[in-house]
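**Student:** Chain residues, written in single-letter form:
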Amino acid sequence: MLSLKVILDRLKGQGISARLVGDENCAIVRVAGLLQAGQGDITFLNNPRFKSLLNDVEASAIIVKATDSDQLSTNHIIVENPHVAYAHVAGWLYTTNDAEAGIHSSAVIAASSHIHTTASIGPLCVIEADVVIGAGCQIGPGCIIGQGVEIAENSRLLANVTVCHGANIGCRVILHPGVVIGADGFGLANNDGRWVKVPQIGGVVLSDDVEVGANTTIDRGAIEDTKIGRGVKLDNQIQIGHNVHIGEHTAIAACTAVAGSTHIGQHCAIGGCVGIVGHLEITDNVTITGMSHVSQSITETGVYSSGTPLETSSQWHRNFVRMKQLDDMVRRLKKLENQLHANENQDEIK
Amino acid sequence: MLSLKVILDRLKGQGISARLVGDENCAIVRVAGLLQAGQGDITFLNNPRFKSLLNDVEASAIIVKATDSDQLSTNHIIVENPHVAYAHVAGWLYTTNDAEAGIHSSAVIAASSHIHTTASIGPLCVIEADVVIGAGCQIGPGCIIGQGVEIAENSRLLANVTVCHGANIGCRVILHPGVVIGADGFGLANNDGRWVKVPQIGGVVLSDDVEVGANTTIDRGAIEDTKIGRGVKLDNQIQIGHNVHIGEHTAIAACTAVAGSTHIGQHCAIGGCVGIVGHLEITDNVTITGMSHVSQSITETGVYSSGTPLETSSQWHRNFVRMKQLDDMVRRLKKLENQLHANENQDEIK
Amino acid sequence: MLSLKVILDRLKGQGISARLVGDENCAIVRVAGLLQAGQGDITFLNNPRFKSLLNDVEASAIIVKATDSDQLSTNHIIVENPHVAYAHVAGWLYTTNDAEAGIHSSAVIAASSHIHTTASIGPLCVIEADVVIGAGCQIGPGCIIGQGVEIAENSRLLANVTVCHGANIGCRVILHPGVVIGADGFGLANNDGRWVKVPQIGGVVLSDDVEVGANTTIDRGAIEDTKIGRGVKLDNQIQIGHNVHIGEHTAIAACTAVAGSTHIGQHCAIGGCVGIVGHLEITDNVTITGMSHVSQSITETGVYSSGTPLETSSQWHRNFVRMKQLDDMVRRLKKLENQLHANENQDEIK
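Those sequence lines, one after another, are chains F, E and U. According to my numbering, the first sequence holds residues 1 to 350 in order. According to my numbering, the second sequence holds residues 1 to 350 in order. According to my numbering, the third sequence holds residues 1 to 350 in order.
Heads up, a few of these hints could be off.
Heads up, the list lumps identical chains together, so a pair's fine if it works in one copy or across two of them.
[Said to hold, decoys possible] Once the Cα atoms are required to be at most 20 angstroms apart in a straight line, the calculated DMTMM-like pairs of lysine to aspartate or glutamate come out as:
{"no.": "1", "residue 1": "LYS5", "residue 2": "GLU80"}
{"no.": "2", "residue 1": "LYS334", "residue 2": "GLU344"}
{"no.": "3", "residue 1": "LYS324", "residue 2": "ASP23"}
{"no.": "4", "residue 1": "LYS5", "residue 2": "ASP225"}
{"no.": "5", "residue 1": "LYS12", "residue 2": "GLU281"}
{"no.": "6", "residue 1": "LYS197", "residue 2": "GLU80"}
{"no.": "7", "residue 1": "LYS65", "residue 2": "GLU80"}
{"no.": "8", "residue 1": "LYS12", "residue 2": "GLU24"}
{"no.": "9", "residue 1": "LYS324", "residue 2": "GLU311"}
{"no.": "10", "residue 1": "LYS65", "residue 2": "ASP23"}
{"no.": "11", "residue 1": "LYS197", "residue 2": "ASP225"}
{"no.": "12", "residue 1": "LYS12", "residue 2": "ASP23"}
{"no.": "13", "residue 1": "LYS197", "residue 2": "GLU153"}
{"no.": "14", "residue 1": "LYS197", "residue 2": "ASP98"}
{"no.": "15", "residue 1": "LYS5", "residue 2": "ASP192"}
{"no.": "16", "residue 1": "LYS12", "residue 2": "ASP192"}
Read the hints as simulated data drawn from the structure, not as lab findings. None of these values were measured; they are calculated from a predicted model.
My request is simple: use the sequences and hints to build the entire structure.
**Tutor:** The structure is reproduced here in structure tokens:
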């Protein structure tokens with residue numbers, strides 16, 4: 001339970017300019033969605049589409065923008081970015097139980113590893129030789145940390161995470177279950193039709209504040225390192241190939257694949273199920289919508305898309321076969337234009 | 001080994017109307033494909049395309065529809081749905097060894113967990129505090145069950161499955177290896193270009209008879225729950241975002257991704273590699289073919305598709321560039337139509 | 001450290017025709033990229049695009065083709081295929097520490113399993129009944145090997161790999177972390193709108209020299225076996241459905257999905273994020289570019305593609321809506337052609 005007064009003070013403590021309208025002693029125990037919220041709940045309005053619903057909200061308090069506070073009788077906190085303020089408030093109300101510091105007796109720990117006394121190593125983890133794990137780290141059950149891996153302060157590996165030898169992981173990194181960091185990249189040399197494995201001897205670096213979703217894979221570099229920049233957020237089941245660089249504060253939605261050696265800039269927002277070819281350069285502040293196919297470098301900031309519209313299958317079949325005739329269609333169109341132009345000239349001559 | 005008589009009786013016991021033509025003492029030891037089957041094998045014919053092959057089948061018995069039994073000299077069982085009958089028969093002939101009830105000595109079990117005496121907990125599992133595991137459950141090796149998870153009767157987690165804190169799993173649910181249930185959804189608030197993590201405090205509910213394929217991920221809700229309805233079947237490597245609802249008896253093929261807050265109806269059949277955008281409503285009985293991109297709600301039952309045809313790369317390149325000219329093509333076509341119409345009117349006037 | 005003389009001799013030992021120009025005593029300690037290489041490094045030139053950079057290379061030695069050796073003053077080794085030669089050299093310089101033979105005390109091993117004395121079983125592995133593990137195999141931490149699995153000589157399972165009951169794995173196979181071999185295929189029979197699970201009783205066979213990337217899943221067969229041919233290389237997060245056959249020396253890039261019962265030929269090269277429908281036949285030596293949708297069998301060797309071009313979203317929206325009008329466009333075009341042809345005939349008649 002937190003009073004609105006305490007919430008207001010803590011938001012200010014985060015450097016957020018916040019103002020309270022209403023009862024500062026009001027007790028908040030939960031967060032809830034705009035229409036599900038009731039007594040004891042705090043909620044937020046971010047999307048102006050839902051402004052008309054504000055009068056129906058039964059929450060004890062709402063976080064809003066100044067422009068939405070006009071005729072609002074419910075307790076409310078006015079901030080510039082209600083979503084960000086909500087994120088902080090939810091974090092305070094739902095503190096996850098920190099695991100106890102110390103090493104679970106069932107974990108298998110190499111003698112040469114260095115585990116900070118304030119770190120927590122869960123049951124049935126494997127920590128190989130020469131690993132360094134920093135202060136406040138929480139390594140959940142079943143995680144496997146390969147030889148020579150370094151993990152800086154306050155990072156959390158949830159469960160069943162695999163970090164391969166030599167990977168370098170920053171502060172406050174979060175790796176969700178099933179993540180694999182630093183498996184071999186797909187390096188093959190073709191020897192008369194047979195594939196020879198090319199040793200993958202590069203590393204992988206995850207900078208501070210990176211978050212990686214469940215079952216996402218980030219390969220180690222072929223010779224140099226794969227690099228994930230500060231504050232990058234990766235959703236579930238993403239594949240990052242060897243030698244990829246991702247710039248700071250870029251976010252990528254689920255199931256997107258980035259092929260080897262592609263460099264993605266800072267502050268990009270990439271949708272789900274996007275396929276990005278290898279060896280490309282994508283500049284900063286690029287947005288790519290879901291399921292796009294990126295086969296060329298993107299040199300200008302902007303919003304990009306590809307893909308086809310959903311139709312009933314019977315309509316789609318009719319249009320689908322025509323896609324193979326596009327070039328032919330343009331040629332026929334051109335021919336018609338020329339003919340018509342010739343006819344008109346002839347008419348004029350007549 | 002089962003005699004055809006026993007098989008017939010058991011099918012009837014399942015409420016299936018079945019009739020045997022042939023030797024009821026014939027011994028069946030295996031199932032097999034239509035053309036691979038031999039002595040001791042039972043097979044089935046579902047697809048009328050293969051009816052002409054029936055005379056070549058060397059199985060000891062065949063499960064068929066009434067319409068395929070006419071001139072069939074082999075022993076056969078006549079049912080309305082041979083595929084369903086086959087599924088039952090195969091299940092009886094290939095009983096998987098149930099794991100022994102009890103907790104393997106290498107598993108790490110919190111004292112506050114409640115594990116039914118008839119449940120089986122495999123080696124190297126981790127069961128955290130306040131977990132409830134029902135009668136007849138089989139938790140395979142290496143599974144990690146987070147704090148407060150409840151699993152009802154007769155569910156099976158194969159191996160290396162991760163179920164995060166608080167998830168709620170029904171009866172007879174099957175989770176294949178590498179599945180992750182209840183990891184955090186991709187909730188981010190943008191604070192001047194930097195991403196602030198939005199705590200994911202909702203839960204995840206898997207109803208009775210759900211099956212989830214290998215390495216599929218189902219995220220917990222942001223505030224409310226992610227909900228997978230009764231009898232839903234998910235193939236491998238599917239991604240289900242936070243707050244998604246999937247209606248009863250819907251099936252989804254491999255590698256499909258459903259973004260956050262989308263609601264999918266009952267009895268839908270969704271192909272593989274489909275990308276479904278967030279915050280959509282898809283009604284009941286919708287079929288979506290493989291690799292489609294769903295970017296708008298679907299309000300009418302039907303079959304839907306999108307996507308482009310495969311061509312030789314050289315042909316494709318020619319058509320590919322034309323896709324960027326489609327709007328221009330329509331305008332040129334319109335102009336030609338107008339010109340021709342004007343010319344004809346002029347001809348008439350002449 | 002290896003001298004160029006030793007490297008030359010070892011390449012010859014691999015059956016590679018190699019010639020050294022320069023100082024055979026030169027000491028090589030590392031491999032490096034063409035432009036990053038310095039003293040003690042060996043690098044290679046494969047792509048003729050970079051030939052002009054050869055004079056700027058500061059490596060101690062370069063592996064090149066004969067055609068690139070003309071004016072090269074740096075020590076160099078001339079071979080036909082520098083990439084293949086590089087792969088060997090890198091392997092010699094970066095020998096990964098082989099795990100010690102023997103079974104880690106924390107592993108859980110069924111009494112009826114047969115583990116070769118030269119094999120290594122890592123910490124917290126589970127080896128179920130009747131498993132056979134051959135000479136020189138290295139089973140990394142957290143791997144789970146189901147009942148009756150057979151793994152031939154010198155295969156390596158990196159970490160957290162799951163191999164389900166009865167799978168058959170050849171020599172020198174590499175399975176990266178999170179791989180799942182032999183989970184149930186997606187076999188369902190529809191019984192009046194409800195799905196009945198069809199038991200998946202087939203096996204899965206991985207032939208010699210197969211490599212499987214992180215979090216890739218290969219399902220067991222429905223009745224017969226799923227078969228991955230000799231030398232096949234699969235990248236990360238690939239899905240291989242039940243009863244799929246993949247021919248020898250085919251390589252598939254990340255996130256591609258192959259639906260059930262499709263047969264892919266030998267020496268194919270399939271890009272990333274490709275979706276391949278079930279029950280198809282793809283012949284030998286087929287190349288399919290990334291993100292293609294394969295919905296029909298491919299009977300002729302060649303290079304195939306599908307997909308749409310990336311555009312700015314505003315341009316794309318204009319063209320996107322036109323894709324639904326393609327069939328209509330062709331009809332309008334045809335009508336115009338007929339009209340114009342009729343007019344011209346009329347003109348002639350006039």
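**Student:** Each hint should be assessed against the structure and marked as holding or not.
**Tutor:** Each hint, compared with the structure:
For a Cα distance limit of 20 angstroms, the shortest separation of LYS5 from GLU80 inside one copy, 18 angstroms, qualifies, whereas the shortest one across copies, 68 angstroms, does not. When the C-alpha separation of LYS334 and GLU344 is checked against a cutoff of 20 angstroms, the pair qualifies both within a copy, at 15 angstroms, and between copies, at 17 angstroms. When the C-alpha separation of LYS324 and ASP23 is checked against a cutoff of 20 angstroms, the pair qualifies neither within a copy, at 66 angstroms, nor between copies, at 56 angstroms. Proximity of LYS5 to ASP225 under the C-alpha cut-off of 20 angstroms is found in neither arrangement, the shortest distances being 48 angstroms within a copy and 29 angstroms between copies.
For a Cα distance limit of 20 angstroms, the shortest separation of LYS12 from GLU281 qualifies neither inside one copy, at 40 angstroms, nor across copies, at 39 angstroms. Proximity of LYS197 and GLU80 under a CA criterion of 20 angstroms is satisfied inter-copy only: 17 angstroms between copies versus 54 angstroms inside one chain copy. When the C-alpha separation of LYS65 and GLU80 is checked against a cutoff of 20 angstroms, the pair qualifies only within one copy, where the shortest distance is 6 angstroms, while the shortest distance between copies is 62 angstroms. In this assembly of identical chains, LYS12 and GLU24 lie within 20 angstroms of each other by CA distance solely inside one copy; the values are 15 angstroms within and 69 angstroms between copies.
For a Cα distance limit of 20 angstroms, the shortest separation of LYS324 from GLU311 qualifies both inside one copy, at 18 angstroms, and across copies, at 8 angstroms. Within a single copy, LYS65 and ASP23 get their C-alpha atoms as close as 18 angstroms, which meets the 20 angstroms cut-off; across copies the closest is 72 angstroms, which misses it. Within a single copy, LYS197 and ASP225 get their C-alpha atoms as close as 18 angstroms, which meets the 20 angstroms cut-off; across copies the closest is 27 angstroms, which misses it. Taking CA atoms no more than 20 angstroms apart as the test, LYS12 paired with ASP23 passes inside one copy only; the shortest distance there is 17 angstroms, against 68 angstroms between copies.
Taking the closest pair of Cα atoms, LYS197 and GLU153 come within 20 angstroms of each other only across two copies (18 angstroms); inside a single copy the shortest separation is 35 angstroms, beyond that limit. Proximity of LYS197 to ASP98 under the C-alpha cut-off of 20 angstroms is restricted to the inter-copy arrangement: shortest distance 17 angstroms between copies versus 42 angstroms within a copy. For a Cα distance limit of 20 angstroms, the shortest separation of LYS5 from ASP192 qualifies neither inside one copy, at 73 angstroms, nor across copies, at 26 angstroms. In this homomeric assembly, LYS12 and ASP192 come within 20 angstroms of each other (Cα to Cα) only across copies, at 17 angstroms, whereas the closest approach inside a single copy is 66 angstroms.
In terms of the numbered hints stated before, the structure departs from hints 3, 4, 5, 15, listed from lowest to highest.
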